[in-house]
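If you're matching them up, the sequences are chains L and R in order. According to our numbering, the first sequence is numbered sequentially starting from 21. According to our numbering, the second sequence is numbered sequentially starting from 5.
Hints in this document: simulated from the structure, not taken from any laboratory. Remember, it's a predicted structure, so these values are computed and weren't measured experimentally. Ideal Cβ placement from N, Cα and C applies to all residues, glycine included. Mixed in with the good hints there might be a few duds.
Pairs of lysine-lysine residues, derived as DSS-like cross-links and limited to a Cα-Cα distance of at most 27 Å, are as follows [as the list claims (entries may be wrong)]:
| hint | chain 1 | residue 1 | chain 2 | residue 2 |
| --- | --- | --- | --- | --- |
| 1 | L | Lys-344 | L | Lys-273 |
| 2 | R | Lys-132 | L | Lys-51 |
| 3 | L | Lys-395 | L | Lys-349 |
| 4 | R | Lys-46 | L | Lys-43 |
| 5 | L | Lys-52 | L | Lys-155 |
| 6 | R | Lys-134 | L | Lys-51 |
| 7 | L | Lys-94 | L | Lys-172 |
| 8 | L | Lys-426 | L | Lys-414 |
| 9 | L | Lys-373 | L | Lys-296 |
| 10 | L | Lys-395 | L | Lys-414 |
| 11 | L | Lys-109 | L | Lys-53 |
| 12 | L | Lys-349 | L | Lys-381 |
| 13 | L | Lys-43 | R | Lys-134 |
| 14 | R | Lys-88 | L | Lys-52 |
| 15 | L | Lys-414 | L | Lys-383 |
| 16 | L | Lys-43 | R | Lys-29 |
| 17 | L | Lys-43 | R | Lys-132 |
| 18 | L | Lys-426 | L | Lys-395 |
| 19 | L | Lys-429 | L | Lys-94 |
| 20 | L | Lys-109 | L | Lys-429 |
| 21 | L | Lys-394 | L | Lys-414 |
The following label-pair restraints were derived from C-beta to C-beta distances [said to hold, decoys possible]:
| hint | chain 1 | residue 1 | chain 2 | residue 2 | range |
| --- | --- | --- | --- | --- | --- |
| 22 | L | Gly-126 | R | Asp-180 | 17 to 27 Å |
| 23 | R | Ser-167 | L | Ala-55 | 50 to 60 Å |
| 24 | L | Thr-437 | R | Asn-54 | 28 to 38 Å |
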Amino acid sequence: MKNLLLSSMILLSFCAFSSCTDKCTETRIVKKKVAILHPIANLRISVRALPARQLSNPGKIYVKDNCLYINEIKEGIHVIDNSDPSNPKQLSFINIPGNGDIAIRGNILYADSYSDLVSIDVRDPGNAYEVGRRKNVFSYGQFNGEPWSVQKMPDGQDALFLQEYTTDFVTETVETSCEDVREPVDPDITMELNTGNTSGKAGSMSRFALYDKYLYIVGNWHLNLFDISNPAQPVDFSTVIIGMNIETIFPYKDKLFLGTTTGMVILDNSDPSAPKQVSVYVHGTACDPVVVQDDTAYVTLRSGNFCRNNLDQLDVINIADASKPELVKTYPMENPHGLSIDQSTLYLCEGDKGFKVFDVKDKMAIDKHLLSFKKDMGAYDVISMGTTVMVVGKNGLYQFDASDPKNLKELSRILVTKSELYELFHSFSDKFVEKGYNLFKIRGVLG
Amino acid sequence: MKILFSLFISIMVLGSVNAQDVVVKNRFVNHTEFGGLFGRVKYSSGSQQNTVESRTSLTLQTFNGIQVSRKLGAGIILGADWYKSALINPVAAGIRYDLSGRPNARFFVIADAGYGFTWLHQDSDGYKTKGGWMVNPGIGLRIGNVSTSSFTLSLTYKRQEVSAEKPLLWNQIERDEERVYNRIAARIGISF
């Protein structure tokens, strides 16, 4: 009986200790944004040419004559003499705060700078200078998923401020009911490191397009039209409401092809001062640059944090009748980003998975005609310029001789230079976010 | 957890010492039970602070082993515990130690320790549930003769650890849950 008493006491002490209460704690790492205000006036005085510097966070690329322009996301543009693709030379860096897109007509480079559209004379890249500025053209945007917007101070001051956000990662621990099985919700959509958007001549991920005497810039829901008859002083004269989340614009013949997160919009541009919507090709929600050749449009749909659906595919669409685009065939891909078409050769970037080249003569069997697949490089967008193909990815810019698409020969590469800490940050997988949390903060310091 | 393991080992050693005078030594023993796991949970959700809810889960287990001595049986426990969001299959080492009492009604001590697996559990999309350590000490009442089948009632404290990766909500980049089920287990069963 003594033992029974002892046992009972042990049991009761366990139960008393735990109160027979389930203890469930949920640990979350949550991304939180902290708003920062900058006077816009301060940002408007810093456009200027600086000595060439290393690439660290390359964005879109643009090719004009023998020069190559590589956007350094949110910071400016690297100007590179590419007259010899096997030996490109960095000429200068044009400092443009809040820059993400570029287009060039003649000697004038058009670039966005947060809310403004800036015209820069690049005749002498080492001494590029601002020749014009349309202020407050854009009211909001984003870089790498980080939004910015133009704000007026509540106290009625006339001065405008740029509101940006820094990201902080906070670990939270909360008690839960132990037994809640809720439906999954879409994960955070602002985490993607979008290092590879490009634009330019036949670029597929551009938000700028030049046609006739007009510059088209896509906003999230609309198309801004600028008259660049006076190249240094673009005049915004019209806005076309599209009503879908636009990502890219691709001008082809007398049409404009807009890639949106829910489909492809075709605009009749026979009157370039007043594009008119002809049709919409709708697909699931995904990121989707588009390129066009003859009667065929090639659209890549990709998943990712920004692109909520798990669609990773290449859609081939017949646009012989622009008012009735028809899907020809869908090909599964791994994580397709930018693409470029040159006659019957389709260059397709597969993000971190590599770079593919297809022969697309047979539209019904493109997957059976994979000419080459480079897996040892990141590829986010591509521009084909005859026999030279330029590919930008997280590691930098690669140029290939594509005389024989089956056997791409690397001509040169301009690699991204990052600190060891930066590399360490990028090497962490989601499994090590706890460590990465600290590095995110450090990365903010690194810029 | 260490205390429970120490208790388990101590009882095993004590039992072995007394095993010399046993007539039923090395006899196969089975003890199969089912019952409920009773507890509660206290949590806060949004503006709802300190919500307390009762929890009840079904449990069944079978102990199979040998009678080491007249009083002590040792064996392996296999079971299934149906928590609302996890079906756990505990696999444990355990003992049944008879305390003194009347020949046809004796109290006995239960001490089980092991690991709960999620072999039969099916996760909802976005969830990834993993098992964890389990202990189950307690007391029981055996009604029936030593040499024949007996009916049992038992009352134990059961602690089961479970971890789960959960689907991400807005702006989250990681979301994990550590669960510790602290329950009183009331079971009925048979032993032979």
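Checking each numbered hint in turn, tell me which of them this model violates, lowest number first.
5, 9, 11, 14, 15, 16, 19, 22, 23 and 24
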